[in-house]
Amino acid sequence: MHSPDPAAASSFTPRPEQTFFPDPSVDRAMGVIMALATEVYVMRDRQFALERMLAARGIVDVAQLDAEPSAADAAAMAADREAFVAHLMSSVLGMQASKGVTA
Amino acid sequence: MNATAPNLHSPAAAISARSFAAGQSFITAVKVYWHVELFPALRAEYEHRAAAAAVKPESVDDVGRLLQDSTLHQYFGWFERHMQRFKYAGRYGLVAWHRQQRAELLARLDKAAAVELHPELEMPRYYVGCDIHQHPGGVWSDDVAGFVYERAASTTTPLAGSKHADLHDRFTDVIERACAKPKRVLDMGCGFGKSTRPIAERFSDARIDAVDLSAPCLQVAALDARNVRYRQMDAAATDYPDAHFDLVTSTMLLHEMPPPVIEKTLAEAARVLKPGGKMIHLDFYHFADPFQRFIHYTHGRRNNEPFMEPLAEMDLAGTLEHVGFKNVRIEPFEETDGALASDFQSWRFPWTVITAERA
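Protein chains in written order, with the working numbering: chain A, 1 to 103; chain B, 1001 to 1359.
Do not take every clue at face value.
[Said to hold, decoys possible] Computed spacing ranges between beta-carbons, pair by pair: (1) B:P1124 with A:M43: 42 to 50 Å; (2) A:P14 with B:A1053: 32 to 40 Å; (3) B:A1051 with A:R15: 33 to 41 Å.
Hints are computed from structural coordinates only; laboratory data are not their basis.
Every residue gets a Cβ at the ideal spot worked out from N, C-alpha and C, and that includes glycine.
So that you can see chain B by itself, here it is in the shape it has in the complex (with noise of 0.2 Å):
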């Protein structure tokens, strides 16, 4: 008798690429009903209570109070976290599926050249503190995660579409609005390369160098590298000479930073940067009202984001001004038609395109 405990984590019985695809297809269905139903739902309720209460609600606070005995927000709640974590972990979760497929998607890795990994770098705290999106084990830590991220990202957003080229093209066309033709492009916090592949297509002329803590990621993103040189490092401290680059972009990054690491990347971002260099983040910060934040950091716990809250109670202008950068610019982003409009009804993100030029 092996006499260790019983491991909770033990691979379960292989299930067959049909159920997993059938798990999967209906949380993802709960998912979308949870955006377009219950959030909705939620924020008739909240403005119903809040047209009856005594004192206008105006912070986080207020609309927790008010919705604190509100059971629609229980089941909201619990939907958000628990559809996650059914996502995720699990008999049909994408961990497990991906574990069972763990021979063949190393093997697709072993193709992957075109990443340059530093085994030695050592990982910060707070990233390895918490395995955020409920990934368990986190982006970086297992062999797989990358392709097990990549799957998730493509119902991250499920009323964007799989591959959110709607966002991502979206977001590109603002880049090269702000910077036409850059020469040396550095996307920071890369990930499996969902953000870099439309800019390097954009500026297919370009030298793009592409940056993140993930090794399991960059492997991922460098089986499709194109113009971009993918590689392991922080983005808050980088090997590049100063002054090396035109354009500074990330995209959902800075959320998952505490501020002492956000301040040090923009700095760093404006130390890489040539003057008059640009640096474009798309990321979660304007909301349009008190209901939207308390959504926002609620889902920022929900989600094991606990530094979605923090970014957005940084002064981000005064913080860019003081690292070097001028021209600040934050404004709303429309993800997709009609996504700012007073009659838009389901929950999205507050997306934010925050632009600045160095000094």
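Okay, chain A solo, but in the shape it has when bound (with noise of 0.2 Å):
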């Protein structure tokens, strides 16, 4: 542990970044990952509310949205949840797309 020179003003360097993980990568994608966190949550609200008042003009029913898909709605769902989690989960393969250069 240190004391800054309290006389000394200047040692403050500015805005200077503070890193707590061995790899600072993991710091900024953390900051990356709370940021996205905040985001979702943002739109979560949004939602809620949108729910809240959709349902007090009666263009939604709640109970129909919590309830789970029947088996028609879960099936339209198939095809774009398969799509979605191959294009998420495809980067750890490490697997590129195009011809071209190595590193």
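Grab the two chains, each in its own frame, and use the hints to assemble them into the complex.
If you want it as structure tokens, here you go:
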């Protein structure tokens, strides 16, 4: 531990980055993740508000919205879900789509 | 084409009040989780490691070494540092939101007449050298900074409620026990008035003076001035006559100043107090164990409050006696029921009341 020299305000570095993980790229990736998490929550909050307003006007049936999907709905979502998962996970394999330059 | 460099701090696209509130509520909820879940887990891990250590950890450095390779401690530090950054900066941060409301907020300030400003007052180097609390631009440089700080303070201790009512009422009880009927009171480093108002309410017949360096904070304080005169002044060098006040207080001020300025401020308090007058500060000084001290020092660094550690390392009792005080008492402060009990698990500040009498 060290104490900053109080007499020397100039010893303050302008906006220094503080890192906590052995690999600083984890620190920065965490920032990206938490920014996304904030955005997801803001969207959840807005969706909640929208559903409440639509339900109040009789446009949305919240009970139906909250129930498990019908077989037909589930089937309709299956292809979309598989495409989403394939896109999400394909990066893990490291496979590239285009011919080109090696590093 | 404008050839100037891109401005990374340009106003973000406007966001709605609901989105701002949702973003802030998420950030606060993450901070609450950090207080009530991550911190107790970290303490448990520390105690486990300490029990297994060959030598019992006694210093802050010992604690740091024990936790050096702790993954949990890395996340603990990251969340402490960066959720505070998100609170202030970025799309859902307090600064962007208040800048978006600038015109309306400044129109409110026009009505705050009960404040004496001194634009010629030079801000001390320690004050401008570091943006405390990670508030970009600090609590003083932007004309809406007082509103930003006021909103920020409502979630500083999310477990204690938005107004800190419990904390301030309890501190005012302590003040009243030490000094029942002051006629003249000085509140040093009053900020936007959160610490001053409960004192002004309790001592409604008293004449209260409150000083701070930050004009934007004083202007917010003056929106609800009551029996308080708000003045822009350095607490370390006021213009009050000698032996003028019965009571001098501060709340969370000392830890924002380097030790030479702390000593100067305490000497100034001694100068303006009547003989037998009381000085009472609420700050961070008493530590139950080296772990709490380590947690506090690292908090200071992560929250851009570099003088928390130097204050905690000062010989405060010796300094107070040196500048003219007697009957010095330094006692832990219970900011909420059970906070000092051994089974209190959540993160908390090392709240301490420092009381002394002008010799």
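Right, here's what the structure says about each hint:
Judged by the Cβ atoms, the range 42 to 50 Å given for P1124 (chain B) and M43 (chain A) holds: they are separated by roughly 44 Å. Our hint of 32 to 40 Å for P14 (chain A) and A1053 (chain B) holds, since their Cβ atoms are close to 39 Å apart. Roughly 40 Å separates the CB atoms of A1051 (chain B) and R15 (chain A), a value that falls within the hinted 33 to 41 Å.
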